[in-house]
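**Q** For the sequence shown, the working numbering assigns the number 17 to the initial residue and increments by one for each residue that follows.
Think of the hints as simulated: they come from the structure by calculation, not from any bench.
Check before you lean on any hint, since a few could be wrong.
[Unchecked claim] Below, computed lysine to any residue pairings styled on SDA-like, alpha-carbon distance capped at 25 Å:
hint	residue 1	residue 2
1	Lys153	Asp63
2	Lys116	Ile74
3	Lys20	Thr51
4	Lys41	Gln21
5	Lys20	Asn128
6	Lys69	Met56
7	Lys69	Thr51
8	Lys129	Pro143
9	Lys129	Asp103
10	Lys20	Lys60
11	Lys129	Gln84
12	Lys20	Thr130
13	Lys41	Lys20
14	Lys33	Ser61
15	Lys20	Leu125
16	Lys30	Tyr40
17	Lys144	Asn128
18	Lys144	Tyr114
19	Lys33	Lys55
20	Lys116	Lys41
21	Lys116	Asp35
22	Lys30	Leu62
23	Lys33	Glu117
24	Lys55	Asp35
25	Lys60	Phe19
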Amino acid sequence: MNFKQIHIGELIRKIVKEDQLDPYKICSYLEISETELTKMYHSKSLDSELLLKLSKVIKYDLFRVYSQHLLFYAPTNNNQQTSRKSDSEIPVFRKSIYTKEIIDFVLELIENKTKTHTEITELYGIPKTTLHNWIKKYNK
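Generate coordinates for the entire structure from the input sequences, incorporating the hints supplied.
**A** Right, here's the structure in full:
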């Protein structure tokens, strides 16, 4: 999965195909035609309301793909927690939540010698100790 250049329509198409989901069921749930579903497969981005409905019907968190992108490519802000007022109604999320997909992606970069440990820690902001723990825990 390419988290840098997200093509959400292509991802949806792959999920539908891989999980052998019935396109008619999806069209019925979304109240769209098959032609519109095909157009969605070709769309690089989709409306968030539509993504939410699709996530429910295909049982896959499509928003997590964008969260992964932020984890990998957004600059880290160590003062993020303190920059929000304590009485703010805007929720604050932890940025350092690494899913299995992220861990696998990073370990694959190391295994294929695409990136060094230093490059990964600098580029993705993953602490060295976390990276070494992943290597010990997940590498066979």
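**Q** Find the hints from earlier in the document that the structure breaks and name them by number, from lowest to highest.
**A** 1, 3, 4, 9, 13, 20
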